[in-house]
Amino acid sequence: MASGAAVAAGAAGNFLLSGCQPKEDKPAVDEKPRKPLPAEPEVTASKFNVCNVCSANCAMICDIVDGKVWRIRGNPDDQVARGRLCVKGYSSYKMLYDPDRIKFPMKRTNPEKGPGVDPGWVKISWEEAFELTGQKFNEAKEKYGPESIVFFTRPHDFAVRLAKAIGTPNLVRHLDTCYTTHEATWRAAVTGTGRPWMLDIYNAKYILSFGWDQPAKGKNMSAQGYIHALNNGARAVVFNPVLTATAALANEWIPIKPGTDLAVCLAMIRLIINEELYDKDFVEKYTTGLEELKAAVQEYTPQWAEKISEVPAATIERVAREFATTKPAIVPNHKRDAGGPLYFNGWRTSYAFIILNALVGSIDREGGVVFQRRSKLKPFDEVFPPLEFPAARKETIMGKEKFPIIGPTGKLGFVTVSEAILNEKPYPVKAMFVRKQNVLAVPDAPRFVEALKKLDFVAVADILPTEIVQMADVVFPEPHFLETSGMTDRVYFAFYPQIALKDPVGDPLYDTKGYGSIIIGIAKAMGLGQHFEGVSGTKLADEQLKALGSSMDELKASPNGLWSDQKPFKPREEFGTPSKKIELYSTVLKEHGYDPVPTWQPKRELPSDTYPLYLIVTRHAAHRMSESQNNELVMQVAPENFATLNKATAQQLGIKDGDEVMVESRVNRITLKARLIEGIRPDCVCVEHGFGHWSKDLTLAFGVGGNEGDLVPGFSVEELVAAKDPSASGYMSDVCVKVYKA
Amino acid sequence: MKYAMLIDQTKCIGCGACTVECKGKYEASFGVLRTRMIRYESGSYPHVKAAFRKQACMHCKVAACEEICPVKAIYRVEGENGGMVVVDKETCIGCGTCASACPFGVPQVDPGDKKMEKCSFCAHRVVNGSSTYCAEACPVGAIAFGEREALLAQGEERVKALKSAGRSKAALYGKDDTGVLLVIDGDPESLGLVKEGFTLSAAGWEAISSYGGLAVAAALGGLGYRLICDRLEEVKKEKE
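Sequence lines, in order, name chains E and V. For the first sequence, our numbering gives the first residue as 1, with consecutive numbering after it. For the second sequence, our numbering gives the first residue as 1, with consecutive numbering after it.
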């Protein structure tokens with residue numbers, strides 16, 4: 001048959017195309033037998049590990065072929081992974097084999113720093129790297145005080161101890177660009193500690209999303225839960241200026257005006273209380289402040305909310321009634337959802353989410369927002385009791401001491417770090433230790449580059465030569481997470497305590513050291529080795545497991561790589577507030593001078609003649625922040641980021657699909673390709689985060705797309721204090737821009 | 001085909017897990033993907049719907065690519081568990097005729113080895129009774145792998161459920177035509193799919209062939225034809 005087609009094609013050649021000669025001598029059609037299909041590669045070993053791409057830490061099974069990771073699967077017995085991974089987890093092994101990885105310790109020889117500047121790397125020994133870092137840190141400490149050394153890291157036990165041993169109070173953290181709005185309000189109104197991480201979407205029957213978009217971002221447990229719930233007949237309503245996958249799969253997409261979710265929430269709270277649709281049993285037993293809340297929200301009628309949000313009053317009323325009368329119902333939220341945690345009114349919106357969940361009895365109940373049942377891991381300081389630390393200054397560059405609610409958690413600093421360094425407020429910063437954070441993650445990244453230039457010395461521990469590595473004086477190469485061992489607790493979905501084993505997939509590929517060893521190396525070089533006598537990550541894990549009645553050996557022998565304590569779920573009856581109840585009128589917020597109920601406040605930047613569009617930021621499911629743009633698998637799925645505009649808006653601006661455009665805010669501008677769709681509000685432009693890398697050592701990532709964080713202004717601590725925001729949030733979403741052809 | 005895949009586009013979140021899992025398992029040049037993810041929209045703001053489609057070989061009952069391949073490089077895997085449409089890379093001349101004939105726009109010529117690249121239905125696994133990589137990877141269970149009869153029933157069941165939930169346009173796509181079945185919510189066109197009944201029967205292809213090249217050329221357009229000629233010339237030169 002196919003030969004017929006070929007012959008026919010030949011005949012048509014004569015007939016139609018004079019340039020193509022008849023193929024009398026064309027190859028005869030191959031009649032030899034087909035080669036057998038290739039065999040499935042033989043898996044020689046399967047290793048348990050834990051995904052470290054995001055904090056969900058899904059338990060993995062890594063299949064090894066010819067000494068290399070061939071495939072990664074989700075561990076079926078893990079509560080988070082449930083046998084599957086997300087696109088990021090599946091592709092994570094490509095970073096392990098990334099030829100651009102940092103392969104040995106290095107120091108720069110070119111004192112000039114910045115984008116486009118060749119650092120003049122030279123390979124050095126580990127001893128030299130530690131000595132140089134120890135010497136520079138000690139110089140800064142002696143000349144300017146220990147507080148002039150800043151840790152720009154996540155709070156790893158070892159790093160925290162080193163900071164304390166040095167005597168610096170400055171551990172700059174990124175959470176004010178992330179979820180402090182949730183943290184501060186949960187802490188004040190419900191827990192007295194942190195926020196919950198677990199959303200029991202699986203069992204929800206009504207999902208009311210204010211920009212919650214984890215399924216579209218590919219978050220494993222959220223995506224699985226969402227689709228499971230929808231299949232089970234749950235109803236989902238999504239308020240989002242952009243028609244994302246979460247919105248597209250929902251029963252209803254409501255393109256709300258950005259930053260006005262609070263208005264809709266307030267109108268819903270009012271209606272649910274006034275019509276007495278709330279869960280009376282739950283509210284009576286487990287909450288306080290209903291009367292005060294009721295009085296405070298009376299002005300927020302659905303008609304009022306319609307004017308602000310452009311959501312019809314009738315829709316607000318209907319959805320509120322559906323939400324309150326379908327059980328279990330949930331207002332899910334994770335971190336940087338479009339619903340508003342990072343608007344000027346974001347903390348109020350977060351508080352309104354808590355209240356809505358409380359009114360329908362969905363706090364720590366199945367189908368609601370649940371406190372993860374974590375393993376009670378023995379703290380680092382109990383396993384390795386500390387020596388006495390020098391007294392550190394109270395004043396921090398993050399202004400921790402000025403924020404009574406979020407300050408004690410230490411979860412802040414990114415928003416204000418550039419101004420603190422550049423203005424030397426409250427004192428000069430001279431040296432910095434960085435781990436797994438990048439320049440692109442800081443608001444107004446170009447300004448942060450200027451701040452970094454001002455420092456005398458920067459040491460960075462990382463895997464890939466990112467932008468912050470380009471600003472470093474000394475670089476410590478770390479192993480990829482698949483090369484590391486240990487164990488990790490389940491957090492993002494844990495109805496019962498469960499711990500997952502990390503077993504390396506093979507020997508380290510390069511001359512790397514684990515983070516703990518790097519910290520200890522620096523400590524010793526600084527003459528602070530005594531604080532780490534006998535301390536090791538292996539011993540910590542083993543001691544922690546022993547305290548739970550297990551051990552590292554037992555975990556290694558576990559047939560599924562997991563330790564589980566399958567206790568039945570017992571809903572919480574008491575909460576961590578002064579009243580031991582969920583406070584719908586927060587006495588803690590009031591005590592510290594903040595509004596005790598989430599009253600209305602508009603977002604900070606509104607469209608103007610100069611900057612007429614709202615900037616919306618999202619993330620592609622395949623990308624993890626600014627860490628994945630050099631991953632060859634990920635970059636084939638999502639090779640660049642776009643300025644996504646409504647077709648009508650683009651037409652007005654004379655922009656065509658694929659055109660290069662400028663997106664400009666009051667602080668910076670970036671160049672992107674335009675992508676035109678219908679599923680976005682005409683007054684918005686949406687940009688995916690993670691792109692705009694300028695490190696030439698990142699072969700795939702370099703020069704692709706733009707960093708929308710450049711458009712976001714940073715703040716000084718004073719400005720944040722003046723905002724009267726208990727979360728010290730960075731308003732990363734609260735930006736207006738203009739878009740024009742490049 | 002004994003086995004099929006049932007891809008439920010009403011569950012697909014468009015994340016690309018299938019894409020990366022597949023890409024990591026089969027060698028091809030950067031950017032040449034055996035399965036891609038495409039976002040489709042219908043309507044205009046604010047009355048817009050969006051859906052994702054996993055775009056990959058549908059393993060048609062009568063496959064245009066197989067029928068039209070001038071060198072018979074595209075064939076069906078034999079055996080009880082066979083029936084999937086695959087490419088014999090040694091025979092393929094990379095002319096791209098299949099790409100211009102495919103109603104789903106699936107085949108691509110890899111610029112690296114100049115051979116056609118497309119989904120093989122993980123034939124080497126499926127003949128041994130294993131599932132496909134993408135079905136095993138999909139985090140939300142939007143890709144089911146199994147015996148065709150069972151999946152047809154499962155698909156119909158799902159469509160019934162969707163319809164009773166008020167989604168009147170839910171349909172099972174590919175019942176008569178393709179080895180891959182799709183649950184869709186809306187017209188096929190809303191997902192960039194051709195209307196069902198698109199495939200010519202084998203007899204139809206015979207008829208076209210008997211009419212000679214004119215009809216084939218008309219079916220392909222001049223460009224597709226030019227591709228065959230050019231590539232045959234090149235292959236001849238390479239062999240010399």
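Careful: at least some of the hints might be erroneous.
Below, simulated SDA-like cross-link-like pairs (lysine to any residue); rule was C-alpha separation at most 20 angstroms, straight line [as the list claims (entries may be wrong)]:
1) Lys47(E) x Asp507(E)
2) Lys68(E) x Lys25(V)
3) Lys513(E) x Glu483(E)
4) Lys35(E) x Arg76(V)
5) Lys160(V) x Asn251(E)
Calculated directly from the structure, the hints in this document are not laboratory data. Predicted model only: the values in this text are computed from it and were never measured.
(request) Measure nothing beyond the straight line between the CA atoms of Lys47(E) and Asp507(E); if it is 20 angstroms or shorter, mark the hint as holding. (result) The given pair, whose Cα atoms are some 13 angstroms apart, holds under the 20 angstroms limit.
(request) Sort out whether Arg76(V) lies within 20 angstroms of Lys35(E), counting only the CA atoms. (result) Between Lys35(E) and Arg76(V) the Cα gap is close to 12 angstroms, so the pair holds against 20 angstroms.
(message) Can you confirm whether the C-alpha distance between Lys68(E) and Lys25(V) stays at or below 20 angstroms?
(response) holds, 13 angstroms
(message) Hinted pair, alpha-carbon criterion (20 angstroms max): Lys160(V), Asn251(E). Please report holds or violated.
(response) holds, 17 angstroms
(message) Hint check: Lys513(E) vs Glu483(E), CA-CA at most 20 angstroms. Holds or violated?
(response) holds, 10 angstroms
The structure fails none of the hints (numbered hints given earlier).
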